[in-house]
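*Asks:* Protein chains in written order, with the numbering used here: chain A, 126 to 550; chain B, 126 to 550; chain C, 126 to 550; chain D, 126 to 550.
It is worth saying that the hints were derived from the structure and are not from the lab.
Computed from a predicted structure; not experimentally measured.
There may be inaccurate statements among the hints.
Identical copies look the same in the list; a pair holds intra-copy or inter-copy alike.
[Stated by the list, open to error] Calculated cross-link-like contacts (lysine-lysine; reagent style DSS-like; alpha-carbon spacing at most 25 Å):
(1) K232 with K148
(2) K295 with K460
(3) K547 with K440
(4) K500 with K518
Spelled out from the first residue to the last, the chains are:
There are 4 protein chains.
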Amino acid sequence: MTATSVQLQHEIKDISLAPLGRKRIEWAGREMPVLRQIRDRFAQERPFEGIRLVACCHVTTETAHLAIALKAGGADALLIASNPLSTQDDVAASLVADHGIPVFAIKGEDNETYHRHVEIALDHKPNIIIDDGSDVVATLIANRQNQLADLIGTTEETTTGIVRLKAMFKDGVLTFPAMNVNDADTKHFFDNRYGTGQSTLDGIIRATNILLAGKTVVVAGYGWCGKGTALRARGMGANVIVTEIDPIRAIEAVMDGFRVMPMAEAAPQGDLFITVTGNKHVIRSEHFDVMKDGAMVCNSGHFDIEIDLKSLGAKATEIRDARNFTQEYRLQSGKSIVVLGEGRLINLAAAEGHPSAVMDMSFANQALACEYLVKNQGKLEPGLHSIPTEVDKEIARLKLTAMGIAVDTLTNEQVEYINSWKSGT
Amino acid sequence: MTATSVQLQHEIKDISLAPLGRKRIEWAGREMPVLRQIRDRFAQERPFEGIRLVACCHVTTETAHLAIALKAGGADALLIASNPLSTQDDVAASLVADHGIPVFAIKGEDNETYHRHVEIALDHKPNIIIDDGSDVVATLIANRQNQLADLIGTTEETTTGIVRLKAMFKDGVLTFPAMNVNDADTKHFFDNRYGTGQSTLDGIIRATNILLAGKTVVVAGYGWCGKGTALRARGMGANVIVTEIDPIRAIEAVMDGFRVMPMAEAAPQGDLFITVTGNKHVIRSEHFDVMKDGAMVCNSGHFDIEIDLKSLGAKATEIRDARNFTQEYRLQSGKSIVVLGEGRLINLAAAEGHPSAVMDMSFANQALACEYLVKNQGKLEPGLHSIPTEVDKEIARLKLTAMGIAVDTLTNEQVEYINSWKSGT
Amino acid sequence: MTATSVQLQHEIKDISLAPLGRKRIEWAGREMPVLRQIRDRFAQERPFEGIRLVACCHVTTETAHLAIALKAGGADALLIASNPLSTQDDVAASLVADHGIPVFAIKGEDNETYHRHVEIALDHKPNIIIDDGSDVVATLIANRQNQLADLIGTTEETTTGIVRLKAMFKDGVLTFPAMNVNDADTKHFFDNRYGTGQSTLDGIIRATNILLAGKTVVVAGYGWCGKGTALRARGMGANVIVTEIDPIRAIEAVMDGFRVMPMAEAAPQGDLFITVTGNKHVIRSEHFDVMKDGAMVCNSGHFDIEIDLKSLGAKATEIRDARNFTQEYRLQSGKSIVVLGEGRLINLAAAEGHPSAVMDMSFANQALACEYLVKNQGKLEPGLHSIPTEVDKEIARLKLTAMGIAVDTLTNEQVEYINSWKSGT
Amino acid sequence: MTATSVQLQHEIKDISLAPLGRKRIEWAGREMPVLRQIRDRFAQERPFEGIRLVACCHVTTETAHLAIALKAGGADALLIASNPLSTQDDVAASLVADHGIPVFAIKGEDNETYHRHVEIALDHKPNIIIDDGSDVVATLIANRQNQLADLIGTTEETTTGIVRLKAMFKDGVLTFPAMNVNDADTKHFFDNRYGTGQSTLDGIIRATNILLAGKTVVVAGYGWCGKGTALRARGMGANVIVTEIDPIRAIEAVMDGFRVMPMAEAAPQGDLFITVTGNKHVIRSEHFDVMKDGAMVCNSGHFDIEIDLKSLGAKATEIRDARNFTQEYRLQSGKSIVVLGEGRLINLAAAEGHPSAVMDMSFANQALACEYLVKNQGKLEPGLHSIPTEVDKEIARLKLTAMGIAVDTLTNEQVEYINSWKSGT
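Work out the full structure: start from the sequences and follow the hints.
*Replies:* What follows is the structure, encoded as structure tokens:
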């Protein structure tokens, strides 16, 4: 890729940010030993030779390592942002300048630009799509049926995206294999729980600098992201209320020591609300009406629809910036509600997204899922596929080794015992 | 069932303990609202009319409620102990005297008696077997092939039993349906985790009265039981080390803040060891050799084989009772190792087993699994079957309602959103 | 002391329990290395030669070690119970039979007997009184002014007793030195917090076998005992509400993540109530009226006055034993309230009191406080005295060493730095 | 104060930052209701009319509220930075431009500038000094004995400063009253524990973006700051080792579930080291030598001397910036050590210092301590004085009220009980 073509093929904030991005990408690499080993193998084996690949991801230092690994494996990769607010402009610059990877992503881009970038990505005629929330795949299906023949498959790593893919499958439009990266244990146990847990609080604290100890925090949703968020909020001294629609998760939250109640009941009690449900309008007009003056709301689910900001805006007489990523809505009723990060993923809007250490495993799954799609081209049924268990365990094993942690291995006697049903009491 | 037949058909410690047992059974019922509602329905619908049923369970106040519910549903039920040390003799007496249920179980019965009781159970020619560790089913397959025709199916609620059933299936001898009760979310999330967690510590404290704060506790196994045990041990101020063979669970333990290492490395550091692996000889000769003087070992997995007590006995010059359920092995090396509950389930040996509140859901699964087997007689494939999701969620819903806890329900808009893949960023 | 006098000078349940008591005392000794070292020194130095000593304590295995250490030091020691329900009859028997120490204590003794034992203790004409709640000292002041001349001083280890001694001092009747053992860091940090925390929950679980996870537990009082109880209840998965009268402790509880509210507001929410305030009628008529059906109340403060059982009794139509140490009050309103341990210290009523490991430090303070009184006879002002800091730290140091834990020591450079004010930014 | 004098009397980064500072100061005010009430009262009562006051503090949004309150009370106040790295330049600008308060503080100022500002502050001839680490007071004593006559007294809020004042008192040079603000319960319980706890982790995460879950974190010191830091690090999933020199604190840490060991033993195990001791060279040459490659070290104690960076620098072949506030020392041995925030207070260097909610109480103590000094001018002995208990409790009460939390009040019966020693068992 020549300098000329680079100049043509990107749309980023400022190429001069590249040195800063390079330094930050290098730093993130310290905590990503698994992806580093995969990249080294890819560089030797070149599994993606001749493959056009589109990655729609949060453009962060960790994504940079994924993109670099894919390129090292021979992929003709193009990167777009999966969220208008999550792009780290210096990283985008370094990927273009230092690694010759075309990037179309600008922090704070408007919706029109966002969708234009999706179209640019599809113009790349991808064989593989790494998607994050399923926007690229949904657009492909809706508008570019003629390109489906080019597609080997897609990978998806968010709960939100998986829900959409299932709906597509039910509608009969998912006619190609989709790797469910989110379902890998080494993905959702860690990324969704420990990653979202820490980075959500990090985003909230950077946006507000409030003390969490003693605050009543309402976490909407007790899936893996919600579990992580509730756990870490308690770890910082907050008193946590959980809302759920699933009765099993609800009892789980109760037995983990949290209060569980409907949002309508929680709304007047919370100091801070965090949505992590993957659903729409979890906090809405009727809830705003009963919140305390000064209550703060934010979202850590994939899309910015979990909080019904339109209805809040309709109640407001004034919306003003109180701090970066912190807007105060002054309502007709006299009270004010504070919205963080415009209802977009707060960990990416106000902080740096998930720490590298968890993305290391998530993106190892992404990289290996892409390789799996290519290696099994033509053999996989349309629809969702799990990451093979051996891949999942191997990632865990690489990670443990990199952390210097050893585990036990079964003795022969134990292997025999597990496989026999004859010895009992 | 007449008074005469009752006198013939039981083998228990002391029928005069019945009043105490009745009072304790009544007490347990306060925390078992789900099973109570099922019993009431069974009493009306009589789903087990004409069904011979054998239940091999820990004979506790909670099991009493299961047995009573099954009998209310019309079952010709017979109860034997699933563990020689776990029987509560007063409960056995009350079931015989107050409820006319034949029971064969005596706390501290020897192995010969235990196996004789299994044979008595099989003499009952069961149509349904509720098993706990798979001893009854294994014996049936090994010795009574001619009775297989009578069998509609079995239910199993322990991890250990499921491992055995899988081995049976692989060997081609599991020729009937087996309901995997352990796999129900309302079972293993709660019973294995919160039940085992609390009751294991309870058993240890009753046996020893030691302070857990500041002790180094080694938990072998980070499955649901291990997670619960590690969580509660930390909750009491212990410093917890986890040992595992599975790399994914190992990283999970690390990110939950525990130290993870092989048992050989943990052995010299621990003050107290708890095995919850479902495997054999997890603590063995080489580990005893490097333990501290006075180290305590106990087991909360199903069978008493997780600790290799034979090898410990071979090193001992003296074994003496230090307290109830607490034996000190004085070793040739001069140090001593303390064994709790003879290596059997410590929560049942030294305490009262799982609290009623969790067994309420576990046994609701058992009762409904039995009903499911009967209702689907002839329709189910041989092998393991999951509890249907609707049953699982319904149990959770009944429990929440009984606890006075409400959850959210989806709005129409949300239902529509979840089922559509078209709306994205 | 001859066998004859032993026969005369004790009032215990059953001397034949001595072998069991001996075994249990021996077991407790494993966790009491500090007191063991003190006993060994006392045996050589005989600091209490010729001293008549009365100890009014919970007669437990740990107290046995204190009594034995004092006797080894030459004391003419006599032991009475500090609480009618807390005596371990086997321990009392062993102290009499194996150690020749006169004991007057029977589990479940009535109030008349309790007070008669206090008088017997005073008939011993003590030079030193080890008191626990200040009943012996209060009786001495009220009824036996003529014996004050004999008294060198007293030691007191409960918050409750210290409050009473302060009131005595204000009234001008505390005319002798009183060592405030409760105030020693190695006492209240550990005994009150970690000891009460674990043993209170232990008593509750033994009495009820309820699952704590998911229960709403109301802890009245956030002093050291309350902090320990709230911490451990949360550690077992409970959702904890704290009530307080002190605003500073109240904010501390809030920032520790607990809900804080007045008892009147907490009463209808709690599943289980635990009082640890040192005050009277913290739960009273108006609170019972609004509690849930089946709510449980218990006390872990020194005296049985924290719950107003008289007012509850007046509302009851029936009081029946549901389990050992568990009484159900059926009220006219139709609901029932469950009282554990008759409102007496639940950890001593239903379990075995504080674990030996914490009592090791508390009783090391007691033993050294007695020695300090004797060594400083005639030199100490009347009123409360703290345990000297060096004694406090030395106890901690002995304990750490026994636990095999090393700490850092200051370098010369650091000593110099700490003593200089000249080096700054 | 005229515009002219403002222009003369300040030394700040950039006056044009004032609008940003104003907005951030306003935001902080939301969480500072106690100081707001005090400011309102001061504005009416003007207790500092005619008083020259110097405040040497971290120049943050919270300090701004203190300065504004003092000025509202009539003080002729001047503000300098207490730490070269902690100044928020926008806040300094707003205090000058919007409030006419002379400020001398620039983020990143060198040591020479720092000391020059101390001299400027003393040129103000203060009657009251609010000090933070005791640099102003130490300089006054060392160099300006002639100004001592002007001084009414000083207040000090850091553990470090109190240690220095005690050393001064021992040396006989503390000839005026010093209010020990640090000792107030509403200060050190909250600010040192919950404030330092949260903000230290905040600073570390902003500087590094590392995942804390699964990391081994070594906390040097288990005073209030260390307790808070260890608690929150565990709350984020870290495995925490504590080092101490005090045996009582060491056992406390053990019983809180942490590992305790000397630094020499912890050094090779830690991934991240945090010093909060108030002492010098707690991490030094011998420790760096055995640390893992990539280990990170930072400080949250007052002065930048807890880590011996000079000795580390001597081992380094290269020191390079890896991220903002993150420097990598490449050592001759081949490994690298990462130093955060140059060893200065990491919460102020890389984050925004303590959250407003805790500073509200700390600075309420400062404001009321100044008022107390003025009101009791001439009546207080030289040396350290505690904040009166009533002041301390009143601050807590105001805070609770502002948080909407009610506590219990004693009934008449309870007041009587507490004051009587006659009722016992």
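*Asks:* Each hint: holds or not?
*Replies:* Results for each hint:
When the C-alpha separation of K232 and K148 is checked against a cutoff of 25 Å, the pair qualifies both within a copy, at 19 Å, and between copies, at 24 Å. Proximity of K295 and K460 under a CA criterion of 25 Å is satisfied in neither setting, with 45 Å inside one chain copy and 52 Å between copies. With identical chains, the CA atoms of K547 and K440 are never at most 25 Å apart, being 69 Å at best within one copy and 28 Å at best between copies. In the homo-oligomer, the alpha carbons of K500 and K518 lie at most 25 Å apart inside one protomer (19 Å), although the nearest pairing across protomers, at 40 Å, exceeds that limit.
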